[in-house]
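Trainee: Chain by chain, the residues run as shown.
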Amino acid sequence: EPEVTQTPSHQVTQMGQEVILRCVPISNHLYFYWYRQILGQKVEFLVSFYNNEISEKSEIFDDQFSVERPDGSNFTLKIRSTKLEDSAMYFCASKAATDTQYFGPGTRLTVL
Amino acid sequence: GENVEQHPSTLSVQEGDSAVIKCTYSDSASNYFPWYKQELGKGPQLIIDIRSNVGEKKDQRIAVTLNKTAKHFSLHITETQPEDSAVYFCAASASNTGFQKLVFGTGTRLLVSP
Chain X
32 EPEVTQTPSH QVTQMGQEVI LRCVPISNHL YFYWYRQILG QKVEFLVSFY NNEISEKSEI
92 FDDQFSVERP DGSNFTLKIR STKLEDSAMY FCASKAATDT QYFGPGTRLT VL
Chain L
2 GENVEQHPST LSVQEGDSAV IKCTYSDSAS NYFPWYKQEL GKGPQLIIDI RSNVGEKKDQ
62 RIAVTLNKTA KHFSLHITET QPEDSAVYFC AASASNTGFQ KLVFGTGTRL LVSP
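Here the protein sequences come in this chain order: X and L.
Just add 31 to wherever you are in the first sequence, counting from 1, and you've got the working numbering.
Just add 1 to wherever you are in the second sequence, counting from 1, and you've got the working numbering.
Extracted from the complex, chain L is given alone in its bound form (with noise of 0.2 Å):
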């Protein structure tokens, strides 16, 4: 099955730097990858996504990278600001049969100092 890899496990950065953090999947038949942030006792909140006939997408200071090639995805945040400290999540699924699973990476830890 799908096996997915997100790494670092923390960051922090200072307010207004950039943040990268970065997820490899195992299986080549995923096509549907989605970013999720979730903060402290809540439940992950989708903050954008991409998929696999798409190789960049942005959203504001928010942008998503996709290497089919290599099987690795990766989201950056720029100009970041304190209320981006959150734990991220990356996930992968294959969507052919509408059902989807959701894989999720191990999530990383975003600090952002002021």
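Bound-form chain X, shown alone (with noise of 0.2 Å):
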């Protein structure tokens, strides 16, 4: 079954280092995600993408943040210089032209 990927699993950075999150979403799939959860706290969406190009933002989603598909199958995101509350789970998430969305296992970032 196709299944949404991310790497890495597990990122530890210094505050201020940019960082890019990956993720190869599900290959027919046209709208893309990225959502993140504090430890602890609800799933929170950031931003989606659809036809190279952003549809919606949050308002955590600010000029610290971008997102990428630079060929056909990588999603990236990301955050240029890093907060200590930017530490959480970051979620990819992929849909085709049905509701349903598909996540991947996530990466934990830690910001020290």
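Keep in mind that the hints were calculated from the coordinates and are not lab data.
A quick note: this is a predicted structure, and the numbers were derived from the prediction, not measured.
It cannot be assumed that every hint is accurate.
What the hints assert, rightly or not - Derived DSS-like pairs (lysine-lysine); straight-line CA-CA distance at most 27 Å: (1) Lys59/L / Lys88/X; (2) Lys43/L / Lys88/X; (3) Lys69/L / Lys114/X; (4) Lys58/L / Lys88/X; (5) Lys88/X / Lys38/L; (6) Lys73/X / Lys59/L; (7) Lys109/X / Lys43/L; (8) Lys59/L / Lys114/X; (9) Lys109/X / Lys59/L; (10) Lys73/X / Lys43/L; (11) Lys69/L / Lys23/L; (12) Lys23/L / Lys73/X; (13) Lys114/X / Lys88/X; (14) Lys114/X / Lys23/L.
Two chains, two separate frames, one set of hints: put the complex together.
Mentor: See the structure below:
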């Protein structure tokens, strides 16, 4: 069964450093998302991406964040200058034309 | 914007009992309501979903009910098993545009004791 994959599974970085989180969505999907989950809290929407552009973003998704689909398979989230409060699980999700979003296993980001 | 409330935050049941988790939403434009199960260290996995044109949906031991008038929906798990232990999240979205973001509830930690 096709699934969303994410790398790395765990990323540790120093405050102020740039990080890139990578996702490979399910191959025939058209809509792509990033969500984050701070430890013990609910999953929060960050950004949606369709047709090579951002379709919606949340207040969390400020100028420090960017997304890109550099080729036909990868979907990346970049945080330019990480802060302590960026520490969280980051989930990539994708969907086809139907409603169902499929989530990847997540990347745990730890900012020291 | 949409706000989703979920109760209870924790639920402990004996194996074989039923479990019910309830959610309310605020935006009457929401028309798609999925439920996700999240096991420790893993991403959310869809277990069942319902659209606003349907009042109830069943899949083996799992069922979801939706009351559009009251803006609430519930997850029912019958004959619970220890492997049902996990955190369950409800979510809501308005899917008319196709892009739709999911707004999640705060989660329910279900513990099924043998």
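Trainee: Would you list, in rising numerical order, the hints stated earlier that this structure does not obey?
Mentor: Hint check: 1, 3, 4, 8, 9 and 14 fail, others pass.
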